[in-house]
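If you want the building blocks of each chain, they are given just below.
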Amino acid sequence: MNQIINSSDRPRYINPYFGGVLLGLLLLLTFYITGRGLGASGAIKSAVVTTVDKVAPQHAESNTYMKSFISDDHSPMYNWLVFESFGVFIGGLLSGALFGRIKKLRIEKSPKISNKTRLIAAGIGGVLFGIGSQFGRGCSSGAALAGTASLSFGGLVVMLFMFGTGYAVAYFFRKLWI
Amino acid sequence: MHVHELNPKKTLVTLTLFVIIIIIGLLTLSQPRLVYKMDMKQSVDLALNNQGFVDQTELSDLLKNPGQNTVLIDIRDTYQYGRGHIPGAENISAVELLSEDNLKRIADLDAQGIKVLLYGNTLTEANGPFMVLRQIGYNNTKVLIGGYQFYQRLESSKGDSSKQISCVPDQAEYNYAEIAKSNGTVTEGDSPAKKPVVIERKKKTNAVAGGC
Amino acid sequence: MGPLIPQGIIPMGWDFVIALLIGIAFGFILEASGFSSSRNITGVFYGYNFVVLRVFFTAVVVAMIGLQYFDYFGWLDLNQIYVLPTFLSPMIVGAVIMGVGFIIGGFCPGTSYTAIAIGKIDAMVFTGGLFLGIFLFSEFFPFFEQFYYSDNMGNITIGEFLGISNLMFTMIFTAIAVIAFYVTWLIEKRVRKNHEEYKF
Amino acid sequence: MNKNYIILMSMLLVLAAGLLLLPEKNNTKQMNPEELMWDIVQPTRYVTTDDVAKSIIEQDPLLMLVDVRPESDFQDFALSGAINLPLEGFASDDTRAELDYPKKNIVFYSNDDLRADQAWVLAKRLGFNNVYVLRGGLNQWIKTIIQPVEPAQTASAEEFSQYTFRKGASLFFTGTKLSTTATTKESVVVTRKKKSSAVAGGC
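Protein chains in written order, with numbering that gives the first Met the number 0: chain E, 0 to 177; chain Y, 0 to 211; chain P, 0 to 199; chain U, 0 to 202.
Please note: incorrect hints may appear among the correct ones.
Pairs of lysine-lysine, DSS-like flavour, derived with a Cα cap of 30 Å [unchecked claim]:
(1) E:K111 / P:K192
(2) Y:K114 / U:K2
(3) P:K192 / E:K174
(4) Y:K9 / E:K102
(5) Y:K40 / U:K2
(6) U:K123 / Y:K103
(7) Y:K103 / Y:K36
(8) Y:K103 / Y:K114
(9) Y:K8 / P:K192
(10) P:K188 / Y:K40
(11) U:K123 / P:K192
(12) Y:K8 / U:K123
(13) Y:K103 / U:K2
(14) P:K192 / Y:K9
In short, the hints are calculated from the structure, not lab data.
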C-alpha cells in the first residue's frame, strides 16, 4: 500500500473520495441554483424527439410519448439537459486534456474479447440503458444520484435495483471485463 | 492500491470547507424572537371554545371595580382612542403589542395574576392580535366580545332595564335558508325574526360590520 | 432564498448558461475520477475497482446532508426542490434493465459522453445504442403505456415511505456508506492481490 | 488504512449525526408571529359583500369561497360555489391540502366575521398568503346583497349606483337560486400545485 507506483502509462485519476465530495457539492449547488438535480439521458431523449420530428413530423406527432416533449415554441433541443450534457462533453474534454488522456480513437476492452464483441456489447448495453432509463424516469445520474440525494424514494429504488441487478448478472458477463 | 488513493488531503480540505459553510450556517442561524407555543390543535381549540372571551357580565363587573385585576388595552388607532374609549384603557396598537417591552410587561402582569383585556371596535378587530398573543404563550390575554361598539351600546342603555342587550359572537341573525327559499320577494317586516335587527341597524349607522 | 432560478433570483435567461457551466463541472469531475473508462466502472461489480461506489456514495451523502442543512438554515426550500416521482414497478423494471445494460455496455449515459470526449469508440457505440433504445421505447410506447404510468406513488420521499424522518434516513445512509467504503477497501485489497493486471 | 481516511469518514458521520442533533426547528413554513401581526392590521385582508357578489356573478375563476361554519349550517345554506371547511378541521393536514390553491383568492366566511377571522389567522399562520375574510359574513350578505336598503334621498350618486347593483345582485342570487344550488357541490376544478414543473424522466 505504501509503494508509490508512478509509471507514466498508468492513468492519473483524482482520489475517488475527492471526486465524490466535489460531485456532491456540485449537485448541491445545482439544487441550490436550479431546484433540480443533474441528468444525462434526457439529452438523448431530446435528440431522439428532434430527429424523429425532423425526419417524420407526422409520425412524431402521432406518437403519444414523443408528442409530450414537442412544443410549438421551440425545438426539443432547447432544453436544460441538452445544454448540461453538452457541458459534460466539454468537461470531459478539459479533464482529458489536463490529465493527458486524449489520444487517438481507441476501444477499451478485456484482452479476452475481440473489438467486434466489445462494440456489439456496448451497443446492446446502450439500447438496454436507453429503454431502462425511460421506465426508470432517469438514468444513474438523474434518478439514482440526484434522486437519492433529494431523498426521492424512486431514486433510491432505481439505485438499489440497478446496482443489485449489476451484481446479480455480473458473473455471466465477466469475460467482457476481466 | 491506486496511486491517487494515497492522497486524500485535497478531499479533507474540500470537506472541511463544506463543514465550515455549515458551521457558518449554524452560527448565523437567526432564532426567531417569537415562536408559537401552541400547536395547530390547541389553536383551533382556542378559537372554537371562545376561550378568553369577555362577555357583558364580566365587562360590567370590571367597570364597577376598575383597575384591580385587569388591564384594558385599546388596540385601535390614536384618533379613535382620542374620540372615546373605555375608562382606564391604554392605547397600544396591535403591532406595538409585540415589542420587547410590552411583551415583558404582559408577562409581568401574568406573574401578578393580572389579566390583559384587548378590545377594538368590534370583536373581530381585536381577535387577531388576541389569537397571536395567546398562540405565542401569553395566556393572560383576553378579548372583549362586541368590542368598543358593544361597550357604547351597553353604556347608552344604562338604567333602561327594558332593553335587553346581548351579544353572541358569530351568531346567525337570519334564517338564511328561509330567506333563500322565499325567492327574493322578502319585504320589510314579513319575518318577525329580523325585525329587531333592522331597527338596530338603523340606529348605529357608523357600524360597518354589523353584528355586535 | 434558494433555489435561485425557480424563485426568480437568477433570471430564466441564465438557465442555459448555468446548465452549460454545471455540465462542464460535472463532466470534469466524472472524467477526472476515472469514469471515462468502462473497465474502471465495471470494476465495482468484480471487486477490483470500487471507484464508482466511492464517488457515487460520497456524492450522494454530501449532497443529501448539504440539502438538509441548507433547508434547516432556510437557504433552500426543500419543498421547491424537484423530487422525482415514484412509479414503483416501472422504476424497478427500468432499473433492472439499466443494471443489465450497465454490465454489458460498461457505461452509463453521463460517463459515455466524457468517454467520447477522450476518444473511446465503444462509448460512441454505446451512445448510439442509447439513442436507438430511447427511439425503440418511444415507438413501442403504446404497448406498455399503461404499465409506464402504473404504481404512481407521487413525489414520495424515502422518509415518508419508511416512516422515519428524512434526517434519520440520512444518518443511516451515511453509516451504510462508511461501512461500504471500509468493506470494499478490504475486498479490493484481496482481489488485487490475486490479479496483477489493472492498467486502466 | 491512511489516517486521513478515518478523519474523512468521521467527518461525514459527524455531519450526518449533527442533523439529528439539530434542535427541533419551528416550522419555517409557518408565518412568524410578528409578520402575522403586521398582516392582521392590514385592512386589505377584508373583502366586502359587494366584491364577492360581483365575483360570483362574473364567475371569477380565481374566487374560492370557503364556508368555515359547521357542516349542518353549510347544508342549510351556503353561498354558491363555496366549499365547506369547518373551523374544527383546521388542525388536520387534509384541510391544509384543501386550501392549497396558491393562485386563487380564498375568501373565508361565517355567520358574522369572527369564525372567518379565526380561520384566517390559522390559515395565515400555516403559510397561506392568499386568504381573505368576508367582512360581516352572511349577516352582512343578507343585509346588503339579498335585502338591500334604499339609501336616503340625500345620499351620493355612488351610494345609489351601489344600491342599483345590489338590487340586481339580489335578483340574481334569489331568482336563480335553484340553479346555483344545484351546481354548488361541484365547485370549480383547478389544477393543484405541483411540486415542480420539471419534465418527468429527465435524467
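Hint check:
no., hint, verdict
1, E:K111 / P:K192, "holds, 20 Å"
2, Y:K114 / U:K2, "violated, 64 Å"
3, P:K192 / E:K174, "holds, 19 Å"
4, Y:K9 / E:K102, "holds, 28 Å"
5, Y:K40 / U:K2, "violated, 52 Å"
6, U:K123 / Y:K103, "holds, 25 Å"
7, Y:K103 / Y:K36, "holds, 16 Å"
8, Y:K103 / Y:K114, "holds, 14 Å"
9, Y:K8 / P:K192, "holds, 26 Å"
10, P:K188 / Y:K40, "violated, 58 Å"
11, U:K123 / P:K192, "violated, 65 Å"
12, Y:K8 / U:K123, "violated, 50 Å"
13, Y:K103 / U:K2, "violated, 54 Å"
14, P:K192 / Y:K9, "holds, 28 Å"
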